[in-house]
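Turn these sequences into a full structure, and let the hints guide you.
Here's the letter readout for the chains.
Number of protein chains: 2
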Amino acid sequence: MGFVTKEPWLDDDEQKAWRSYLLMNRTLETHLERHLQREFGLSKSDFEILVNLSESESGRMRAFELSRSTQWEKSRLSHHLTRMEKRGLIRKEACESRYPEIAITEQGLAAIKECAPAHAARVREFFVDVFGPERLAVLGEVSDEIVATIGKHCDTDCPPEVRGTS
Amino acid sequence: MGFVTKEPWLDDDEQKAWRSYLLMNRTLETHLERHLQREFGLSKSDFEILVNLSESESGRMRAFELSRSTQWEKSRLSHHLTRMEKRGLIRKEACESRYPEIAITEQGLAAIKECAPAHAARVREFFVDVFGPERLAVLGEVSDEIVATIGKHCDTDCPPEVRGTS
DNA sequence: CCGCCTGGGTTGACACATCAACCAGACGCG
DNA sequence: CGCGTCTGGTTGATGTGTCAACCCAGGCGG
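Protein chains in written order, with the working numbering: chain A, 1 to 166; chain B, 1 to 166.
No lab work stands behind these hints, which were simulated from the structure alone. Mixed in with the good hints, there may be bad ones.
Since copy identity is lost for identical chains, a pair holds within one copy or between any two.
[Claimed, not checked] Computed list of lysine to any residue pairs in SDA-like fashion (alpha-carbon distance at most 25 angstroms, straight line):
id: 1; residue 1: 152; residue 2: 103
id: 2; residue 1: 74; residue 2: 31
id: 3; residue 1: 152; residue 2: 129
id: 4; residue 1: 92; residue 2: 75
Here it is in structure tokens:
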């Protein structure tokens, strides 16, 4: 064994960087997620929804808008919203246009107001500050390039939900 | 609304870079994962296990070794291994030492041999090549720094499973 | 010998994601 | 009108991850 992934596809330096990246990613993600979960009882998904709602003008959005800005598939969104409603973080309220609007509740607002600073502080400590301004700027650029590259590629041979929406 | 996450915690440039990174991450991950899943019927998790097994000397490892190298918690690993065994990708075989060894099967070996090149090619196309050698090297360094930083932080106040194992 | 801890591993309950199927209204077109 | 089809949204089945509890053997102090 030991030969399978060693084909000329990725040379040693590339392998190493890629694996460092993967590890960093997982480490950071699990750290942030566990922090949110344990200190505030919110999952990453909850957080994402609440951020979007709280950044909207009125604190209320249609589900498909959330679906657009989070890039979740609609069924995931639907399931998660019903769970969040059960926990009192959001409310689905009827409006004239047949489809319910998703509104953040007092409780949801309180939750995100409480946890956002702590979360941001962690992002700063473990990510932003370690990068430093110049390297961070570079990362931002490369990230956009990668998203664009994948988007371009998918225009031709992928199912619709991956394609760029911005 | 719109004020919650705008506290002085992350300034505009930082926000932007962070969100670009998050988006890139999600996009890349889902793209790679869907590719593996649709072309080869393997999940990212399956792939990770198979890579580890195929890179070992004998194609067989104890579960706790897998747990160390993947950094999964043991229950996740146990669940996933039983599922993989049901699908014929691995086998748990008894050995002298009370605990079973996890062995990759012919089928599992065939699966990873088939998909590894295609996967690596995609990593190259969408990640390695977009970065380019210099920026990629930088990313590798920063990644290691971040992992180290989180590791250091967790030595003092985190549950054991996050702490560095290398 | 006993009690107790620790390490490797499994199990069950539950939260979450994904897929395919479905529903209802709107829109277009013959 | 009748028909297909698109969009916004829900539902159920199934696969996956997480947490806490447990099991069992080995070691160790009494």
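When Cα atoms must be at most 25 angstroms apart, do residue 74 and residue 31 count as within-copy, between-copy, both, or neither? Answer is between: at 18 angstroms across copies they meet the 25 angstroms cutoff, but 27 angstroms inside does not.
Using 25 angstroms as the alpha carbon limit, work out where residue 152 and residue 103 are close: within a copy, between copies, both or neither. neither (35 angstroms within a copy, 40 angstroms between copies)
Between copies, within a copy, both or neither: which fits residue 92 and residue 75 at Cα up to 25 angstroms? Intra 16 angstroms, inter 36 angstroms, cutoff 25 angstroms: intra-copy only.
With identical chains, the pair residue 152 and residue 129 could be close in the same copy or across copies; at 25 angstroms between alpha carbons, which is it: within, between, both, or neither? between (32 angstroms within a copy, 15 angstroms between copies)
In summary, the one numbered hint that this structure violates is 1.
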